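The chain contents come next:
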Amino acid sequence: MNWDEIFAAATPELYLAFAGLIAVVLGAVLRERFATVSIKAGALILLGACALSLFNIEGGVAFNGLWETDRFTNLAKAVCYFCAGVALLIAEPYLVKERLIRYEYALLVIFASLGMGITLSANDLMTLYLGIETLSLSSYVLAAFNRDSQRSSEAGLKYFVLGALASGLILYGSSLVYGFSGSTNYDAIAQAEFGIGLVFGLVLLITGLAFKVSAAPLHVWTPDVYEGAPTPVVAFFASAPKLASMVVFATILFEAFGNAIDQWQDVILIISGASMLIGAFGALRQTNLKRLFAYSSIGNMGYALIALAAGEDIGGPALLVYMVIYALSQLGIFGVLLSMRRRGGMVEDISELSGLSSTMPWLAVCMTALVFSVAGIPPLGGFFGKLVVFQAGVEAGLWPIVIIGVIASVVSLGYYLRIIMIMWGGDKLAPFENMSGTVGITVSAATILAFPVFTVVIGWMMSLAGGSFSLG
Amino acid sequence: MEQFLGWTENPILLVLLSLGQILLVTVVLLLAIAFLLYFDRKVLAGTMLRKGPNVVGPFGLFQSFADFGKFVLKEMIIPAGANKTVFMIAPILATTLSLICWAVVPIAPGWVVSDLNVGVLYLLAMSSLGVYGVIMAGWASNSKYPFLGGLRSAAQMVSYEVSIGFVLVTVILLSGSMNLTTIVESQTGGFWNWYAFKLPTIIVMFPMMVIFFISALAETNRPPFDLPEAESELVAGYQVEYSGTPFLLIYLGEQIAITLMCAMTSVLFLGGWHSPVGDLGLFDENTLAGLLGTGTFESLIGAFWFALKVTFVFFMFAFVRALVPRYRYDQLMRLGWKIFLPTSLVAVLLISGYVVYTSAAAA
Amino acid sequence: MEVIAFSILSAIVLIAAFCVIAARNPVHSVLFLILAFFTSSGLLVLIGAEFLAMLLIVVYVGAVAVLFLFVVMMLDVDFVELKQGFLNYAPFGGVVALVFFAEIALVASAMGASRPETFDASPNAETNVEAIGQVMYTDYLLLFQISGIVLLIAMIGAIVLTLRHRPGVRRQSVEEQTGRKRADAVELKDVRPGQGI
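Protein chains in written order, with the numbering used here: chain R, 149 to 620; chain Y, 512 to 874; chain X, 958 to 1154.
By construction, these hints were calculated from the structure, which means they are not laboratory data.
Treat the numbers as computed from the prediction; the structure is a model and nothing was measured.
A portion of the hints provided could be inaccurate.
[Stated by the list, open to error] In silico DMTMM-like cross-links for lysine to aspartate or glutamate, where the CA-CA straight-line distance does not exceed 20 Å:
#1 Y:Lys849 with X:Glu1132
#2 R:Lys245 with R:Asp296
#3 Y:Lys849 with X:Glu1133
[Unchecked claim] If the Cβ cut is set under 10 Å, some of the chain R residues that face chain X in the computed set are:
#4 Ala156
#5 Thr159
#6 Ala165
#7 Ala167
#8 Gly196
#9 Leu256
#10 Ala260
#11 Leu262
#12 Thr282
#13 Leu285
#14 Tyr288
#15 Ile596
[Unchecked claim] Chain X stretches covered by chain Y per the calculated footprint, using a threshold of three residues with CB under 8 Å from any CB of chain Y:
#16 1006-1016
#17 1019-1032
Where a beta carbon is used, it is the ideal one built from N, C-alpha and C, also for glycine.
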């Protein structure tokens, strides 16, 4: 065991694992007294992990090549941990009001984040699979966290059954890849002779991973899970795991199958096009906001996949930038959804937003900015995300998919505009209950982040990520 | 039993020889069980100040054979609603599975049907299969009491297997092998070398033997853990619908499993075939050993000690049955999961620490 | 000899696996599944991986399948109802199955080139157990530890989803029960006849 190597490459994950285990013991000893504290402690732990991964940004190889981190993955990790921490913080008021506050919530979010860290650092199919399982198992339980609600249990069960199928596909694909390349290590797979066996292994892997990022045609679970699961859980699902899974999708394709880009590019393109169209047209008919944003996320995964299809050098940084902007704006949007509470409980219907501009103007302003950002309206962050992705697509010569992307963007403007029209034009309804401090701050911060003030930051990130990619 | 196999290379003869060995072990085992059953009843009767079986044969010694005859000659009733195939397979499975466990039990030096490298695991695997006989019998009877009995026993046996597994790990750690013959050989010498009494691990291993013994009671559905067949609630549990030969098979399977657990206790903790006072050097070429050949004679002596130890542990089984009232089901589960499991886990930790420490000190 | 054993065992595995999906009674399905597990462990013994074979039996047959059986026996599954849905999905499922079958056939045809000539179930060690132990706690320590965390999460999840502390339910406290003294429960009174207490 080379501890220097391990500390260089895996400090955030070691720290998260130990913190998580200590939290388990604390929870078992303190029980209910730990419940509210655990949320804040968990958020602190996650923010600490975020700082650690930024601190150790160069990364390294450890555990006999099972583990490899570089700037690209460390950057993704930092954002994931940050999003998970924020998602945990904004969950507290909801959990308290719905009487769901239990310390296991924080534990599961911490372990899910650990799973993201493991998948992001994986340099071996076995590490990848175990990381995905760590993330998925926690997610299944989180989706069903409100166990007394039938919809939440249903969401958990659906997610579990379909997720298990996807895990099975990943395992089957991995076994084929192992059988035909003789190794599970990414570097060794990259050097193996590319034959028909590897192609099928790769296709199965892509299928499983496409499920995890909820890309079409494996998107069917997303609306149901988003609708059924408790809103703070969805806020978490929509931000950090999406980002992590997408980046993992990219690392495995770039690092293990980088030479075979001709083989998988078409598959990714088809998935990407289908996701964008299904996301755009599927969302048009939705009245439930959570379902609507589920379809919106399917579409957004489609845009991210364009960057993936563009290949490592062009697409890598674009993918990261797009996903980071997306994840941060999702936190803001779900922050708004979390503050939609009237006497008697949460409301999720799109018509409940009616007249928000006069009852709670700041919330309406924030929501408008965030929705426009996700839609990709020029001065806002989301626009730059889409811009880099389309640029990457054009640079890689993938014209048709970029055109589909633009069409899908225009179609999706339809439902984004509907939200905004209802907010600013509809009849005035009773205002929501006062939202709590953390949620308000998160929403406001996400809104500010959505403005192009941060193009500088984005540019810095691109250079950082790009720097690592020319190395890796 | 490699010592008997050395003289031939002919595959057919080898197969015949193994078959002969298997037959020998089975017949001796069944005969032994006939008398152990008698012994069991006598012990129970003794504690209750009764006489026990005393009619068939001298002192009632042939009672088990009379029972055997009765079961075989009785009519075999299959309930109309039963799932016939499963109903008939269950007793066969129960007997076969407990019988094949004996394949790896070393009776004396070199006297073992199959000297597996993973003998301990094999035993664990086969005894964990034992639950199927019970659960299938309970389900196939298509009747409430047997079904409840079957479910109870499934939960009970799976629970106690966990702590049995951890206890086995401690022994495996100390002996450094999963081969039962090697485990016995590592306890060579007097009783102070047996794992149950060896210093300084006695602090951990003696309690482990007790845990193993109690878990074995639960694993074989013996009193005080005989909830699957608790007559006050479930009539006779999963055996309610069985009669005649199938019942005999189930009963026999249970008895074989019990003797197996006795044999396991003596092999793992009580030094197997070793005499409690160590090798006294009493036998040399001039005595009986010279006549029979040293190896064979040693084996005979070893088999004697082994049988004695098995009988002793069996006596404990019988005594517990006579003395301890039946547990309630939640108490049973609490004992298994909340007491035995953590205790044996801590023991694994302590023993592995000890093994690492001693091997580091030796190196 | 080995070829004969292999043929018999693998034939049983295949037949049992087919019966798992073909059996009408779900309990029979599980029993066939157990048979398939058991026979596959026989196949593992044939290649010399006796440790894996035993683990397969201990874990899958001895524990997992028992719980399967447990659940299937307790649930009253109505198979007529399940079969009705089957016909609706049969054409689509059939197409997927065909595609998948064709894929596997293609992959199998490509297999010849990369098949290793010899197989060693216990490289660099005397027994299978040692061989596995040597890599599991050194090269693959990371994976071993992560698996532990995955299991921990599964445990936490099971507790989150099922454990309930309902207020107002009387519970047993073992400490209280065993700590009870005779003096706490029984009081001796000297009752005189005709007077009462």
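Here's how the hints hold up against the structure:
1. Y:Lys849 with X:Glu1132: holds, 13 Å
2. R:Lys245 with R:Asp296: Holds, at roughly 15 Å.
3. Y:Lys849 with X:Glu1133: holds, 16 Å
4. Ala156: Result: violated, 15 Å to nearest chain X Cβ.
5. Thr159: Since the shortest Cβ distance to chain X is 14 Å, the answer is violated.
6. Ala165: R:Ala165 check passes; min Cβ-Cβ to chain X is 6 Å, inside 10 Å.
7. Ala167: violated, 12 Å
8. Gly196: violated, 18 Å
9. Leu256: Result: holds, 7 Å to nearest chain X Cβ.
10. Ala260: holds, 8 Å
11. Leu262: Since the shortest Cβ distance to chain X is 7 Å, the answer is holds.
12. Thr282: holds, 5 Å
13. Leu285: OK, holds: R:Leu285 within 10 Å of chain X, min 5 Å.
14. Tyr288: holds, 7 Å
15. Ile596: violated, 35 Å
16. 1006-1016: holds (count 6)
17. 1019-1032: Contact hint for the stretch 1019-1032 of chain X vs chain Y: holds, 8 residues under 8 Å.
Violated hints, listed in ascending order, are 4, 5, 7, 8, 15; each of the other numbered hints is respected by the structure.
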